[in-house]
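Protein chains in written order, with my numbering: chain A, 1 to 418; chain B, 1 to 418.
If you're looking for bench data, these hints aren't it; they were derived computationally from the structure.
Possibly wrong hints are sitting among the right ones.
[As the list claims (entries may be wrong)] Listed next, the stretches of chain B that the computed footprint assigns to chain A, with coverage defined by at least 3 CB atoms under 8 Å from CB atoms of chain A: (1) 22–35; (2) 156–165.
[As the list claims (entries may be wrong)] Counterexamples of contact, computed for chain B against chain A with all Cβ distances above 10 Å: (3) PRO72; (4) ARG168; (5) PHE227; (6) TRP292; (7) ASN330; (8) VAL337; (9) GLU388.
Just so it is clear, CB atoms sit at the ideal spot from N, CA and C, and this is done for glycine as well.
Protein chains: 2
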Amino acid sequence: MARANAFYAQSGGVTSVINASACGVIETAHQHKSVIGKVYAGRNGILGALNEELIDTSKESKRAIAGLRQTPSGAFGSCRYKLKSLEENAREYQRLIDVFRAHGIRYFFYNGGGDSQDTANKVSQLGARLGYPLTCIGIPKTVDNDLPVTDCCPGFGSVAKYVAVSTREAAMDVASMCETSTKVFVLEVMGRHAGWIAASGALAQDRPGDPPHIILLPEVPFQQRKFLKKVKTTVEEKGYCVIVVSEGAQYKDGTFLADAGGKDAFGHTQLGGVGPMVAELVKSRLGYKYHWAVADYLQRAARHVASKTDVDQAYALGKAAVEFAVAGKNAVMPTIVRTSDKPYRWKIGEAKLSRVANVERKMPKNYISADGFGITAAARRYLAPLIEGEDYPVYKNGLPQYVTLKNELVGKKLPEKW
Amino acid sequence: MARANAFYAQSGGVTSVINASACGVIETAHQHKSVIGKVYAGRNGILGALNEELIDTSKESKRAIAGLRQTPSGAFGSCRYKLKSLEENAREYQRLIDVFRAHGIRYFFYNGGGDSQDTANKVSQLGARLGYPLTCIGIPKTVDNDLPVTDCCPGFGSVAKYVAVSTREAAMDVASMCETSTKVFVLEVMGRHAGWIAASGALAQDRPGDPPHIILLPEVPFQQRKFLKKVKTTVEEKGYCVIVVSEGAQYKDGTFLADAGGKDAFGHTQLGGVGPMVAELVKSRLGYKYHWAVADYLQRAARHVASKTDVDQAYALGKAAVEFAVAGKNAVMPTIVRTSDKPYRWKIGEAKLSRVANVERKMPKNYISADGFGITAAARRYLAPLIEGEDYPVYKNGLPQYVTLKNELVGKKLPEKW
């Protein structure tokens, strides 16, 4: 294939390591100058392509690009924007091809979750159909860890580490004061559809019986009586109870706990958190003093406590995406293939985008403990390696030095606005 | 003074560095064996003395004691328990003296905030009155940073660092998606009476105009219209708005925002968080999509991102307390004396417990910006050095290795229970 430019975009919720993938893409493309010319990044993800807002990454210093490896968030901006099917909105796809053609772009790297892999797959089909062959490579990313085929998704390992570390620390705090103060602590974490993040709280345990004592997963329908009984037993036995609850915790009928008609079980209006809701439930039924925390964006932005494994994989997948493209592959996504649990060994694999698109991987049943409040040894074997290793950012004046790019846009070439 | 045993207790809310002070006390006492025999720690703070539950720290390995320096929470347990005045409850003080006498304790180290310094002061007076001379030394501790005389309080610097780092990270996350997603992010932090913790969020700023754009301090009465206007202007100018709110944020009449009769401005029942309340206010009045986080115990337990300055000071104050005792001082507390802002230089000073007890230091007026939503250069000069330096705990399998002590109790000697 003749030399051409590349387009890279970040999609959906950002993570603490998605920029490490960007770094892998840009640095690796630079090593293949005979094949890949400029790397243009979409301003705010795929919208950057539609709006012809292309960031010229060659205007950034080598040092700034290297700094992406330790910078959380989406350095070029991201968006939640899903392209419709080819039939429903051919105009959007046509526009993408128009922009790509105008700027000599023949490589499309899309860094995101299941929806994004679906988009990349469609763009690849369309290119072929419109006689503008495009090489489309997906790069996995999602803190939800819900993509199929790959061992794990970049972004998840660091959130898992944040949740495990925070749970351990907060639990020690509660334990040291429970005799006269807080008895129940609830930490709300992300994961609307799959319990991977909440499950990782269990990594805080060194021994059985260690906190967190209860994990509420979306995969296990919430049973109030059983839950309250477990809280009570735990407080009576241990003196305190630490609970990690997934934002996606739900009743049997699929209603979210935090979303039950705007009211909780006691007619209180919800302000949006399942964490406070669960804490209130405990207080009103069992009378225990409680505290709760909602980590929200803090967890997925926490580059300061990122997993080195996660950072390394994020970079390696960005690098592999470019190498796939250079090798002439198309409509594929590099994956992580686990070859050993302990020590953890992994290599880069390959999945067709059509196999990845729109498939959601939930926690397998054999990862959930019999009582539904914890995880099994199999889950621990799977999760433990993903939080291994520390990869601290450089600090200055007590704060991590994260990179802000210049993000200079390329001049527009198309007459019409989007 | 003849050789005697020492009693050490942790008091009130624990921090990520109070064990570093314990480490300083125990290791330094060990260097003065001719003066100080055993160091007994109170199980659950001062309750350990009243209940005659004394932990023999000499049963712990040298390594475990050294490990306290990097372990958050209260390793011996803490409590919220304030002794009454001598007149109101002489029995409690008498009991303390009885326990101390029975166990040959003539040194009393009390590690806590204003209330605890008050207690230490009273115990010292009482000892003299009852003919049982006790050396009473306070050791400052409080994430609220509200003790007078000392430059700062151990525990605060690390919370400040956690809040500054988390604010920076979450703000980058919001910034990268604000065009199509969340516009307003609210982080709720501790500090019921003083805004020191919320103010430290401002350290996330490199330049004026950087996030956090709004800080809501307890010292500045909340004005809804002015606040909403600032949010709107910020979103219009920057594309997003990051708000750090103190749990103690209040109206002019002293009512907490989060506590306004159990209902917020719209009749919603509060589930306890000012963070979600402020976020809801923004949503209902301005319509912006929001996210909120409540850090709660996570912030004061976050040893993984502790300030090295804070850890060093916590240890140094524990060490100084023992050295004061050995030097024959009484009813005093070692303090931090700042000798230079930049580079930050400090030394150990000394304050009479009577000067420290029950005095609350709020943010000075000249630390608060004219519009009330930020801090001044003077505040920045004061705060910045306190988060300097990293002091990472040792990790194993991706998790910090915190110490759990054996906490063996000494046999009881008194016939009566408390």
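These are the hints, each one checked on the structure:
1. 22–35: violated (count 0)
2. 156–165: Three-residue rule met by the segment 156–165 of chain B, so holds; n is 3.
3. PRO72: The claim breaks: PRO72 (chain B) does not keep its Cβ more than 10 Å from every Cβ of chain A (closest is about 5 Å).
4. ARG168: violated (6 Å)
5. PHE227: holds (18 Å)
6. TRP292: violated (6 Å)
7. ASN330: Answer for ASN330 (chain B): holds, closest chain A Cβ roughly 28 Å.
8. VAL337: holds (20 Å)
9. GLU388: At about 4 Å from chain A, GLU388 (chain B) fails to clear the 10 Å cut-off, so the statement is violated.
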